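The primary structure of each chain is shown beneath.
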Amino acid sequence: MANDHATATNVPVPYSTGDSAITETTIAEMRELAARYPVGRSALLPMLHLVQSVEGRVTPEGIEACADVLGLTGAEVSAVATFYTMYKRRPVGEYHVGVCTNTLCAVMGGDLIFERLKSHLDVGNDETTEDGKITLEHIECNAACDYAPVVTVNWEFFDDMTPQSATQLVDDLREGTEVKSPRGATICSWREAERVLAGFPDGRADEGPTGGKASLAGLRLARERNWTAPNGAAGSSNAAAAAESTVSPEAAAGPRPSDQPGKESQAVNGNDSRKED
Amino acid sequence: MLTPVLSDNWDQINAWQLSSYQRTGGYDALRTALAMQPADVVTAVKDSGLRGRGGAGFPTGMKWSFIPQDNPKPKYLVVNADESEPGTCKDIPLMMASPHTLVEGVIISSYAIRASVAFIYVRGEVLHVIRRLQQAVQEAKDAGFIGTNILGTGYDLDVVVHAGAGAYICGEETALLDSLEGRRGQPRLRPPFPAVAGLYGCPTVINNVESIASVPAIIKNGADWFSSMGTEKSKGMTLYSLSGHVTRPGQYEAPMGITLRQLIDLAGGVREGHELKFWTPGGSSTPLLTAEHLDVPLDYEGVGSVGSMLGTKALQIFDETTCVVRAVLRWTEFYKHESCGKCTPCREGTWWLVQILERLEHGKGTEADLATLLDLCENITGRSFCALADGATAPISSSIQHFKDEYLAHFEHGGCPFDPMASTVFATAGASA
Ligand SMILES: Cc1cc2nc3c(=O)[nH]c(=O)nc-3n(C[C@H](O)[C@H](O)[C@H](O)COP(=O)(O)O)c2cc1C
Ligand code: SF4
Ligand code: FES
Chain L
1 MANDHATATN VPVPYSTGDS AITETTIAEM RELAARYPVG RSALLPMLHL
51 VQSVEGRVTP EGIEACADVL GLTGAEVSAV ATFYTMYKRR PVGEYHVGVC
101 TNTLCAVMGG DLIFERLKSH LDVGNDETTE DGKITLEHIE CNAACDYAPV
151 VTVNWEFFDD MTPQSATQLV DDLREGTEVK SPRGATICSW REAERVLAGF
201 PDGRADEGPT GGKASLAGLR LARERNWTAP NGAAGSSNAA AAAESTVSPE
251 AAAGPRPSDQ PGKESQAVNG NDSRKED
Chain A
1 MLTPVLSDNW DQINAWQLSS YQRTGGYDAL RTALAMQPAD VVTAVKDSGL
51 RGRGGAGFPT GMKWSFIPQD NPKPKYLVVN ADESEPGTCK DIPLMMASPH
101 TLVEGVIISS YAIRASVAFI YVRGEVLHVI RRLQQAVQEA KDAGFIGTNI
151 LGTGYDLDVV VHAGAGAYIC GEETALLDSL EGRRGQPRLR PPFPAVAGLY
201 GCPTVINNVE SIASVPAIIK NGADWFSSMG TEKSKGMTLY SLSGHVTRPG
251 QYEAPMGITL RQLIDLAGGV REGHELKFWT PGGSSTPLLT AEHLDVPLDY
301 EGVGSVGSML GTKALQIFDE TTCVVRAVLR WTEFYKHESC GKCTPCREGT
351 WWLVQILERL EHGKGTEADL ATLLDLCENI TGRSFCALAD GATAPISSSI
401 QHFKDEYLAH FEHGGCPFDP MASTVFATAG ASA
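Chain order of the listed sequences is L and A.
Residue numbers for the first sequence follow full-length UniProt numbering, beginning at 1 and rising by one.
Residue numbers for the second sequence follow full-length UniProt numbering, beginning at 1 and rising by one.
Just so you know, these hints were derived from the structure itself, not from any lab.
From a predicted model like this one, the values you see are computed outputs, not experimental measurements.
From the three backbone atoms N, C-alpha and C, an ideal C-beta is built for every residue, glycine too.
Warning: the hint list may mix true and false statements.
[Stated by the list, open to error] Far from chain L by the CB rule (all over 12 Å, computed), these chain A residues:
hint : residue
1    : W16
2    : F58
3    : E139
4    : S305
5    : A314
6    : T332
7    : G414
[Said to hold, decoys possible] Examples of chain L residues toward chain A, derived with CB under 10 Å:
hint : residue
8    : A21
9    : I22
10   : S215
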């Protein structure tokens, strides 16, 4: 398995393609980001996310633009850009698909999912399909281990995946079928996602549930058995409010299994369907 | 048994919205706090016994009291929402379900240390959580909880949600500061400590998401209420995260000091037909424990007494189908990838650790390699610049301590004796990927 963990690509890094999409608007937005911080340089990470949303990768022109706005050299900006895994020097596809292969997910099936996707898409790690749709990458623990094995699309969660549900997911993405994250929004493009990370909200925060089955596991049990924290000085205002507006964990867990690729996590009823592939 | 406080509103309709949060008493604590002197807020948090939930367990109120209030420079609060320690998965669901719990905590904590700007440094790989945080901060601004002259008190505060870009080391607090200043995320020499010279050289408090999110409940219900839960030196309730080979993995909020036996029981037991082999108490950087340790109280002292650390309470459960050498190799590859390269023992050492472990996993090692591994670990631990390197050696030394025979079995077998399919969630007899 170790070999699979190397970055398998030897496609050369395109320097400048001469068709940079950075405009005056981009520069103005960079200045807007810098103004949000007591010291402008703090905006460099957000600015690089913005570059990726405009260019589809970190381009030499993007680096120069950041340097100009912040009064840095290109080398200083490059030194930062190359430090962080999320910044890509090669063009990223419309969808970035991440497969967690850190230990917990790997053991629970992430390694097999990654293998299956590599052969299904005919790409190596950190490579993009020929149609430019999907960039596949194995990722590190994404703070969702209670939903292992975990896959992400443009940094949205797909929980409790199997090799089969993962191939279905990438097929849907390639065919342009609308795909929703079971714990997030309708999947947008990677560039649109990068714009949100840069600090420009897209108004989709209200999509999706509060959490999936695992997030609510302890709370659901506490409710069933009437376990609460002790009453505090302020009294237990929560109990009353809870009685009035609590939804069932089933409803809170969001969309139904039938319309979800990451459907296993949505099987909130007692019967755990995780064992099926 | 379970004491939902932080997670108590997670089953409310649209819990992430301000209106829902306020329906369950949200932002009442802010009004209470703003009517107090800032120093009294610090005292309340001190008296509660709250200890940092980011791994090290440093008393939160004490950390706040180190901020030199006679220093004329601006003061900053930085929330560590980088959550990247393998196994750790509590802050992300908290911010997804109820970002206002954190935002309210940020405002109260900033007021206590008299900060004028607060930052929430959240890892970049969690798009929807970032959306919810951005919206929560905006809602709080619109409601007058953030901005100038908050609730007519004359207190001004700005809050910035800042997305990282993929680097585990940026969870280390001084690397986080460098990253937040727009640099490569590499740790800084301490002293000076951030409380004296942190962000932009100014006094700065850095706390974990769960630490800050615990503050509103403390202010609302009182320090005594908080310290009535937990054990003598580890107070309050906390989120325990169970993952891996248990029937119902997930978040279980309980008083400090619950045991793994109790938690696994609540989670429906170890995967049916299997038994516990090894587990991490607080992420991959905390030495592995075994079934022998099921009754250890999961508080700072209890886990410390058996040679590990409570860490982030990330309980990763592995049953007998899991190869410990494979598990440890993968974690080691992670540390090698995430080593920031600043110091030699870690940068070079993690590379060598991977080389040797690979050889062992593939059955090409010898018993002498095991000695070399332990020797390497000894030369890395405590001799590196930051705690990442100590974390890197923890799974190796502890696994050799508990499972030396399994390492040896790899030599005898000429490779890994385990079927990687057997440990997966979709394992069924005879099935294959
Ligand atoms: C390599 C490394 C990674 C860390 N990652 C995190 C993290 O993701 N989140 C976190 O809160 N603390 C992390 N820490 C601990 C922080 O350095 C710091 O102790 C903590 O944020 C302080 O907050 P607390 O006192 O509220 O626990 C990490 C430490 C190290 C050495
Ligand atoms: S121990 Fe590792 S991560 Fe920490 S400073 Fe040294 S090289 Fe960087
Ligand atoms: S190990 Fe995959 S999300 Fe944590």
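Can you list which hints this structure breaks, lowest number first? 1, 3, 5, 6, 8 and 9
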